[in-house]
Amino acid sequence: MNSVVASAVPLFGLFTEPVSVAHYLVVGAILFVSGVACMALKRNALGVLMGIELVLNGANVNFVAFASPYLQGEGSRSLGLDGQVFALFVILLAAAEAAVALAITLNFYNNHATVDVDRADDLKG
Amino acid sequence: MSPADALTQPALWPLSLIVFLPALVAALLALPIIPKAREEAIRWVALATTVVVFVLSLWMAWPTLFGAVGPAQFTVGEAGMQGVVKKPWIPAFNIDYLLGVDGISMPLVVLTTFLSVLACAASWPITKHVKAYHVLFLLLETGMLGVFVSLDFFLFYVFWEVMLLPMYFLIGIWGGPRREYAAIKFFLYTLFGSVLMLLAILMLYFTSDLRMLSPEQLVASHVVSPSLDAAARADGVAAIAAAKNPVHTFNLLALAQLGQLPKSPFAAVSVWGMSLEVWAFLLLLIGFVIKVPVVPVHTWLPDAHVEAPTPISMILAGVLLKLGGYGILRICYPICPGAGLSLAWLVCGLGVVSMVYGAFAALAQKDFKRMVAYSSVSHMGYVMLGLGVWSAVAGNEFRWDAWAQGVNGAMFQMLAHGISSAGMFFMVGVLYDRVHHRNLEEFGGIFNRMPVYSGLAVAVFFAGLGLPGLCGFIGEVLVTLSSWNYSRTLAVISAFTVILTAAYILWAIQRVYLGAEYKGPHGDHLTPMTGRELAIATPLVFLAILFGVAPQLIFNYVTPSVNRQVETLADWTRDVGAKAAQPIAGGPAAADVTSR
Amino acid sequence: MDLASQLPQLLGLAWLLPLASFVLILFFGPRMGPHGRNAAWVATAAIVTSLVLSLVAFVSWLGVHPAVAAHHGGDHGAAHAAEEAGDHAGSHGDAAAHGEQHGEQHGGHAEQPPVAYSGDWYTLYEAGRLKLSIGWYIDSLTILMFVVVTFIATCIHVYASGYMHDELHEVTDHEVHLADGSHLHRPGRFPRFFQALSLFCFSMMGILIAGNLAMVFIFWELVGICSWFLIGFYYERKSASNAANKAFIVNRVGDFGMLIGLMALWGALGTLHFADAQVPGADGQVVSKPGLFSLVRPAEAGHALRVPDGMVKFAAAEKVAATAPGEVAGKVDVWRAEGFGNWLLFIAGVGIFCGCVGKSAQFPLFVWLPDAMEGPTPVSALVHSATMVAAGVYLVGRFFPVLTPDVLLVIAYTGAITLFIAATIALVANDIKRVLAYSTVSQLGYMMLALGVGGWVAGLFHLVTHAFFKSLLFLCSGSVIHACHTNDMRKMGGLAKVMPYTAGTMLVGCLAIIGAGIPFVIGLSGYYSKDSILAQALSFSQANPRHAILYWAVAGGAFLTAFYMFRLWFMTFSGTPRDHHVAEHAHESPQVMVMPLLVLAVLAVVAGWTLPGGFGIANLLEQSRPAGTAQTAQGGFAFGQTLTLPAEHLSHEGAIHVTATVTAFATALGGVLLAATMYLWRVISPAAIATIFRPVYTFLANRWYFDELYRAMFVRPAHGLAAVASGIDQGLIDPFINGLAWVTRQVAGIDAWIDRTLVDGLVNATASATWAAGLELKKLQTGSLRQYVMFIAAGTVALFVLASMLFRSSLAG
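Residue numbers (the numbering used here), protein chains in the order written: chain L, 1 to 125; chain D, 1 to 596; chain F, 1 to 813.
Hints are computed from structural coordinates only; laboratory data are not their basis.
Bear in mind that the values here come from a model prediction, so they are computed numbers and not experimental data.
Watch out, some of these pointers could steer you wrong.
Unchecked claim - With a Cα cut of at most 25 Å, we get these calculated DSS-like pairs of lysine-lysine: (1) K778(F) / K124(L); (2) K238(F) / K366(D); (3) K124(L) / K779(F).
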């Protein structure tokens, strides 16, 4: 039965196995997809920004997951903190990005009295 | 140019000055030294230049006139090249700045400088762009003189082209109503000829090989300058002899030596069934006969003459046409004797056709200037016939004197025509300046209105008619008499021309000068000749009479050189040509030699 | 006395003086006295001096070579002369008195060449063996002609200074109508007339003294142009300038033939000198270079006519080419025997004769002479009757040794045709000068015929006598015209009463021209010369029966001459005036015009006489008889038969002489009587005869339609050809050239089109495709952020899908 379900439903095995890197990846993927969907679907610029945050955080989860010591080979000479360092960079970057994006949004609001990204087609070629 | 050069090549400065002084002054004039508006000053400067050049050339050609005879001056009666100047110009292609004069070119140089003076004086009525006109005029003079004195084929070609361009502008800007058509026609005709000439030049150049010449020939043809000392000469000769690859040359004298070798390199190569010699001869001939011009490539001449201003017509008829005859004599025959022998019928035939055709066409003209232009075609036909009568053949026991007579006659005819045709065009111009038309039917009675002018004009026209005692006679009679030994048929046709010549000239005189009253417009403008016009016409008439009465004045220069060339070619015929006669259709007198 | 150096100096000076006069009048004419009156004196002084010099030369000649009665056969005279020449020429070598060298070697029957002095003054061209020069050839004929020409010219200068006095002031030319209907007024041209006359005298004497044919040709042309000036003296008249042009151009037609003759001689023989020349040889010695005479009649052949070596070789050029150089000389005789060169010599002779045909107005080129009467009458007398037109006869006489019997036959027939045609036209002409002009043509025909039948002395004798009486006749007619102001004989009549001197002298002229005289006793000058022509023609006809017509032509011509000359005289001088307007004004001419008439009349009477002691023109001429022509000769090849040229002395003897004299007398008398019946006694009405023979009359009155014929045959075709030549230029060559230009422009146009459409098109298409693509792509950039995100997402997914599909193996790896 178990094997039947496992073969029929993708990723079913996740539910039966102990938490591993794969589970982290699933969470990262969900975050990423939610973020992309949020960016694509929200018309509010702030929503879009939130979507971006979600995408970045999804990526962060992946970084951290792949930094798992279990995935490191025996002869690795690194400290094994590469993923975490990247994640910290991304967080930093996200903060800077959010500051710039919010400034743009604020300016856009000042100019157009709206934060609807569909109205912002000034970049149209 | 170091002082040493002036010692070994004494003619270096005089000859170079004669050629380049007009161009130099033209360059100075082109600079804004004299303002454009000071037209009178420009005219005087140009006139002074031509006079200086004329005096220089006279100083060279007629030493006894100036007292002591210097080494740079011309020795009358000597056959060979004199006053040779040689400087390397483009050594990579063996191109030299090689100038020199002999009895053939010296009189033509003097004729050119003389007519330039007269034409410059005749340019006074020109009021449009005076400065540009005189700049171009002086450039033209340099071109013409350069052609006559250069002995390097490349240099020759350069001058040939230099002459072309000013002429184009002179006709195209200062001409009559159809000037642009006439100028372009002239330019394209001549350019067509010179392109073919260039082809021939390159053919000859790349076939030539100086190693085939003996040391004596190398020195004689100035490839190795005879002015060097013996050791330097020996070095020069040795350098050529030791060369691994053929040593090409543009030197006309050396090319002639090569062409007359028993095993001429030009006759050895065959292209499309004919030897390269024949090709080169034909290409050069086409280039030259366009300039002469002969029928059927003559139609640029009437148009160019009718449209050109009077002084340019004088130069055109007086000098430019002579370049063709000079080229045939200096280049075609000595370099390609084999082709000359087998194609003599072509040269003579073209000459006779031009004589008759030109005379008939002149008879039909209504335009005075056009009639004179056609008379030029007819008269230059004599030159062609005289140059071509290669009668030194086996049946004639290789006697050269009849042919030499023809060539001498042709040379005389060129000089005489230079005087008479320039005079005729000037006379037409004098009338045109007054009444502004040239319709032969609308003149008449000029004799009573302008007696002095008419007297001079009739004298000039009689010179053209070939009246004894005037310059036209000697050349015509020598050429006609010499042609009998070449071909009876051509001789009879050429003799027939005397009737036509009399007809068209007398008829024109009758319509213009005789009669009771002037029939055309502007009759009140028929004022007597001005002093300036008189000063131009009188020397021409004087020379026409002088050369008619004392032809030796010209023959003293011409005959030695011509005789030497003809004698050399006659010997060549006996030794080489008669044995290797090239079968080309329509041999000279095959048909009528059997008259008994 | 050194004749050989003296004669060229004397005659040379006599020759050049008129030239000096010409130059003087040319430059200073209008300043010579009022209206240039003194120009006449300058010209007359020059010609008188020439006459004196010629007379001095004449006397000098006679002092050395006295004219003696010819012992029939002429060899005595010639031999004597040659002996004399031998003495003199032997003592000095500068001039060639040729002939003495071979005398001893070929003694016995061989003839001696006549004595002549020759040499060169001046070289025009020289190269190799060829030389053209100005030189002299002086024999008794030259001197005689010098005297005749200068004498007549003197008379005419004097006469003209009276006749031309109209030209001393403003002239109203009544024959010229201007556009506004008035007559032309112009200043007089007195000096110009004498200027041209002087130039003419110079040119004419140049022909006489010429030492070679080239020089003859030069002065031949010069007299032609002088004639052009003089005929066209009234150049305002269209008819005058037309006549002048016609004269010159017709003469040029003859010169065309002459040039061919010159070429034939020059090309083959390399010399045009008459006599041998002494030239410096190779090693400093003086070598004799044979002239034409000794080439054609070499002394070693007994002066018999022979084709010269040069001509044989020339004609046999092909054989020469095939022969080794050393053997050519040996084979010449063989080739000569085969007939090589005969034609060449014939062509040379006929060619030179062509020139004479033009100048001497022979058939078919005689048409210019009657028109030439447009010139002033003194000109007609000097140029167009006595001297210039005689130059042709003179040249045939001078060139006689080179003429083959065939050429002589051509000459004889030409003369016969000419004399007949011209005489018939003269019968009906009404212009007094035209009658004389046709009479001149006819008499020149006589001379030619005489030379052609071998009468060398007869022809030249007639030339001299004719010069006197014809110039007399012309001057008389000038006097009449001067008095009547018309040329039309129908308006004259009865002038003998008012103009006794003119009438009398003209009667003398008429009698002289018809050869009047008492048979076998004495006569006027024409009696002697005409009789000898008739006799020689008879002699020739007897020797060559097929050519008997030549004799009948001469006899018939004599009848016609007598008729038309007396018709002229009767119409002009006898009876009553026909036009009173003319008669009222008629008066005798001034003394300056009458004097020359009287002088010439005397000469017209006595010129033919032989004085006791043998001095006479015929004997003088006999001295210069060309070598080899005194004896009867046979020859000829061209017309398929042998011709016999009877010796001239045979015609002076026996039956021939008697027959000829009687015939001449009878025909002349018949002609005069017929003229008298018609015009003096009016027994027969000329008008009636003209009506009866209407077609003949019209034909003759229109001068056989020669002018019309020539216009149709030559002038029109020449203009047609001229138009064709000009048309070819404008209709064929130029359109061809312009067509070439057009084609080039079209080709250039196609080339430009290819550039514009194909090459440029390709480049532009690339550009525009890029542009269009850009435009299309631009639409993707909507500016909508959400869309962009969609694209990013979809793109990422697509990339993943693509990568997983394409690079499955590497991913798997």
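Against the structure, the hints come out as follows:
1. K778(F) / K124(L): holds, 8 Å
2. K238(F) / K366(D): holds, 19 Å
3. K124(L) / K779(F): holds, 8 Å
In summary, the structure agrees with every hint in the numbered list given earlier.
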